[in-house]
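Participant: Listed below, chain by chain, are the residues.
Protein chains: 2
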Amino acid sequence: LITFLPENRRCEERIGDTLLDLALKSKIEVISVCGGLGACGKCKVRVVKGREFLSPISHKERSFLTIEDISSGYRLACQAKVLKKGEIEVEIPVTSRRGAYILQVEGIETPVTLSPSVKRICVKVKKPALKSVKSDHDLLLEALKTEARSISISCLRSLPVVLRNEKWEVSAILYKDEIIDVRSKKAKVLGFAVDLGSTKLAGYLLDLETGKTLGKTSRLNPQVRYGEDILTRITHIMKDKRKLSVLRALLLKAVNEMIRELVKAVNASTSDVYEVVAVGNTYMHHSFLGIDPSYLALSPYPPVVRKALTYDAKEVGLTINEGGKVYVLPNIAGFVGADCVAAILATEIYKLEKPCLMIDIGTNTEIVLNDGKGLFAVSTASGPAFEGAHIKFGVRAMIGAIESVAIRNCDVLYRTIGNGKPVGICGSGILDAISQMVEHSILDESGRLNENVCKELVKRDGGIKELILVDKDKTAINEDITISQKDIREIQKAKAAIATGIKVLLNNRGISSDDLEAVFIAGAFGTYLDPLSAIKIGMLPRVPLVKIHQVGNAAGTGARMCLLSDYMKRKAEDVAGKVNYIELAVEPYFQEIYLDSIKLKEYNI
Amino acid sequence: LITFLPENRRCEERIGDTLLDLALKSKIEVISVCGGLGACGKCKVRVVKGREFLSPISHKERSFLTIEDISSGYRLACQAKVLKKGEIEVEIPVTSRRGAYILQVEGIETPVTLSPSVKRICVKVKKPALKSVKSDHDLLLEALKTEARSISISCLRSLPVVLRNEKWEVSAILYKDEIIDVRSKKAKVLGFAVDLGSTKLAGYLLDLETGKTLGKTSRLNPQVRYGEDILTRITHIMKDKRKLSVLRALLLKAVNEMIRELVKAVNASTSDVYEVVAVGNTYMHHSFLGIDPSYLALSPYPPVVRKALTYDAKEVGLTINEGGKVYVLPNIAGFVGADCVAAILATEIYKLEKPCLMIDIGTNTEIVLNDGKGLFAVSTASGPAFEGAHIKFGVRAMIGAIESVAIRNCDVLYRTIGNGKPVGICGSGILDAISQMVEHSILDESGRLNENVCKELVKRDGGIKELILVDKDKTAINEDITISQKDIREIQKAKAAIATGIKVLLNNRGISSDDLEAVFIAGAFGTYLDPLSAIKIGMLPRVPLVKIHQVGNAAGTGARMCLLSDYMKRKAEDVAGKVNYIELAVEPYFQEIYLDSIKLKEYNI
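Just so you know, the protein sequences line up as chains F and S, in that order. Counting in the working numbering, the first sequence tops out at residue 606, every number present. Counting in the working numbering, the second sequence tops out at residue 606, every number present.
There could be a bad hint or two in this list.
The list cannot tell twin chains apart, which means a pair is met if one copy fits it or any two copies do.
Stated by the list, open to error - Dumping the calculated SDA-like pairs for lysine to any residue here, alpha-carbon to alpha-carbon at most 25 Å:
#1 Lys120 <-> Ser151
#2 Lys128 <-> Tyr582
#3 Lys315 <-> Ala149
#4 Lys315 <-> Ser155
#5 Lys244 <-> Ala586
#6 Lys132 <-> Glu92
#7 Lys135 <-> Ser300
#8 Lys456 <-> Asp293
#9 Lys177 <-> Ser155
#10 Lys135 <-> Leu376
Derived from the structure by calculation, the hints contain no laboratory data. Just so you know, these numbers come straight off a predicted model, no measurement behind them.
Work out the full structure: start from the sequences and follow the hints.
Facilitator: What follows is the structure in structure tokens.
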């Protein structure tokens, strides 16, 4: 048996299992950005007892562990394998856990006229008579006085019993022109909207008759155990096609759990849910529907399908009403998915007559420009640095994460999420820190750390310069929390990717940043970042701050809008068909623009 | 262990099991008309050894077994229960077996213009390019140049791999305007038509591109173990709703087996089958789709649904191509089902301009009149007498069944199916015998057996007069095969039901039997009966024999026509909507007409 601390959770060990395998088996969610390849160093754990039963420290581990780490028993959970059975005790530090994450479900509320695809009609049905041969179905259609053209098989199966039990007064539930259920007049009519993020799932339960959001919930996307970034997951699938259904099953289980959790909270049942509207990037879209996403990773990165799709919930694998439907918004391109379409709906940038920009920041950042005449989109690989990956003390938004930083007289002021003892620094904090370092000339335009400005803040670790944000004795991790020269380079690359996308788009359409009427920043990181910091390091263009709108989970908002309105669904399909996708890699001067964007300075084009 | 003879098949006995249960468990198909209620006496078996381990002979059994039967060890398999474990040997006589049945699959061939709902389009699809963001699905649609409005989820799931494996040259399979499969250019495109009879299933495998019937097969409907007549099965379901899915599962298993058998014979696979067209009476229709048929047994006998239905084969429970469809023809009323609609299509009576009649004889007989202006249908409970039930020596069409009879000088001439040693008499034989008995005044008009005409042919059994058809020493069952006064009464009731239906229909529309241009007789019994005998006993009206057409399994033919032609499907829906159903019970003079029809004499109205 192996024991995980501090939970004292035990599980049977098998020879060949990694500590990561065993921790997951014990339901302890250890971070694994690279999906167990030993490439991210995020799954650090401390072996308290039984080191002798584990595989020797590998070459990969040495690149992430210091001498001190190693002597204190630190290992990478994905690399340390059980070689021999014995008593092993492993401590999982808070920084290697997923549990404490803050997940963003809030988004702007964009008003929408209620006209859902799911409609209830209450009717009094005539009873059959000997003199006229009418079927239960015929009599129902008569009572409905509607052009219902089909009826689901599940509805037909229950129809005769429901009509008689309910004494011929029933609710008929229609999905567009199909009758999908007949039940008690008192039945609830609910819908579920879900944003399938690469790392996070956000779900919303709505009453389809009032339009009210009855509940919100979120989960970490369980697929992250196969890699936090999409390409790692696709690689798993390319290596072993069976992983396609493994990954899909993980996702569906989580989505079904979210639905159950939310309906339970309002004393409803999953059979009260008649429609699920889902959005996600193209990979998540494909994975959700069970479509092979392998080719998204191979040039020219074609999606399998772009059009909006409606399927029976049963076919997709969701547990809602037997006749329930799943609507999936359309994709735009291999790397501009249905979530981007939903964000366009939520921000309503398609409506504006003056130029405006929508930026949905994630591992992949989608940027959409309305130039006043049409919609143009690019996708840029900004990477996971803003989410704490590849950053020495980077963490996701979690209790104790440093979320904002100011430097005053070589003194570092900071605030952590939930006022917790610092465990690391999250995206918005890193942005602030770098912007402040530039402001105080600790960093030059090229991003080189000048150790002569605030000498007391700078140290070296293995020759690499680092700026100390929080001293060891004030952190929860018993180490100085620093930003290293390497971290700065990572952030420069990430922000350059975004700036390049913006510049290429504006150039391509001949729009200057001064022309922009509005800039919408969507996504979790986008909610927390300080726009001024983003402008100062040259991630966003220099526009008046009043024009910048942080809209939170706009994809979730767009999904909710489509759940409430058939018109918005048609709008989504219409908009998706009209967005002109621009492939960054084939644009002229792409390389030059990118190299220029590495610089830490404001821009305006 | 219990042993069944002559197979020597053994199976473990459990206390409380009936011999019928154990025989079925041993895969020996014992006839059970009443579904195990002890009400039909058809499951006679002989206990050779171990009588002492069985329950005592019940009151019910005494009404079906003679003293000799009992002393020879005969029991009703459904009544004899194992009381104590011991060595039991039971012989199952050929007359109590289902195995030897002749099942009718042949029907008229009505030509139809090939225009199936399933179409294959061979296309060369363009490969995706970096310069244009098109999905695999977009490129497929472009190549198809068609208005395909949706794509099945199963097709999307396999699309990217198939396109690349087949080097972008593929067959797209469309069902109306939905793409249901994309696969190799060489793929076969097959369809399966099935007539779901109450006692018999007839299946046909068709090539949807040539229209050719590639194979035919049939099975006894496995539901007969829950009663040979529909009302017995519905009673089972009303008593225990779980029986609905038990009966459905039996049916689906048999249909899936038929499909597998037929595709195997032509070296195809079930995934080459894209559509199943099913017909059946309203009960079979409901049972097939999993719809509760209980209310068909309760006045006013409403069907749950009448309209034609199309569902995914997966939803119905059939194993064909993942994207395959099931089309079920429309019903007309609770006792005039989709099989009748199919027979109308096959006989084309809806096209004729002069009056004509279609009679589909079964346990329930449907009669459709085209009066030159419209279609009118009645349904009449003719009962299972023509199929051998409630007839002392009645058997279904099987090897050794007496199928035709003539009486010459008080000598009985007969022919058996397959020239087997006589095991009993089947419907057409009984009809012949009675007609001949009337001809020779052995029967008077009222149906009373006159024992003075051919004295040597008449004997008495427990006071009931019987006409000996075959002497004991010439039969396979070691008993005289006779027709009793009671049998004659059964046949009178059955034929009166049919004659009443015909008369009421003709009366209602003011048509005389002389006006009839054609009379189509459908169904297995209808194939074998001698029309002249049927006329002579007053079952069919006196019309010139040349106007009578025996069309065999016309329902199966109609199903095949719909499989081959979308136009015929629309025709079926159109025709079904136009048939005027006449409820016999509410017609004036119904009782008088029925009582008059009991008489054994020709009629002409």
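Participant: Each hint needs a verdict: does it hold in this structure or not?
Facilitator: Okay, the hints, checked on the actual structure:
1. For a Cα distance limit of 25 Å, the shortest separation of Lys120 from Ser151 qualifies both inside one copy, at 15 Å, and across copies, at 23 Å.
2. For the identical chains of this complex, Lys128 and Tyr582 are inter-copy neighbours only, at 18 Å across copies versus 57 Å inside a copy, given an alpha-carbon limit of 25 Å.
3. In this homomeric assembly, Lys315 and Ala149 come within 25 Å of each other (Cα to Cα) both inside a single copy, at 21 Å, and across copies, at 23 Å.
4. Taking the shortest alpha-carbon separations for Lys315 and Ser155, both the intra-copy value of 11 Å and the inter-copy value of 13 Å come in at or below 25 Å.
5. Taking CA atoms no more than 25 Å apart as the test, Lys244 paired with Ala586 passes in neither setting, with 30 Å inside one copy and 63 Å between copies.
6. Within a single copy, Lys132 and Glu92 get their C-alpha atoms no closer than 79 Å, and across copies no closer than 51 Å, so neither meets the 25 Å cut-off.
7. For the homomeric pair Lys135 and Ser300, the shortest alpha-carbon distance between copies (13 Å) is at most 25 Å, but the shortest distance inside one copy (59 Å) is not.
8. In this homomeric assembly, Lys456 and Asp293 never come within 25 Å of each other (Cα to Cα): the closest approach is 53 Å inside a single copy and 83 Å across copies.
9. In this assembly of identical chains, Lys177 and Ser155 lie within 25 Å of each other by CA distance both inside one copy and across copies; the values are 17 Å within and 23 Å between.
10. For the homomeric pair Lys135 and Leu376, the shortest alpha-carbon distance between copies (17 Å) is at most 25 Å, but the shortest distance inside one copy (53 Å) is not.
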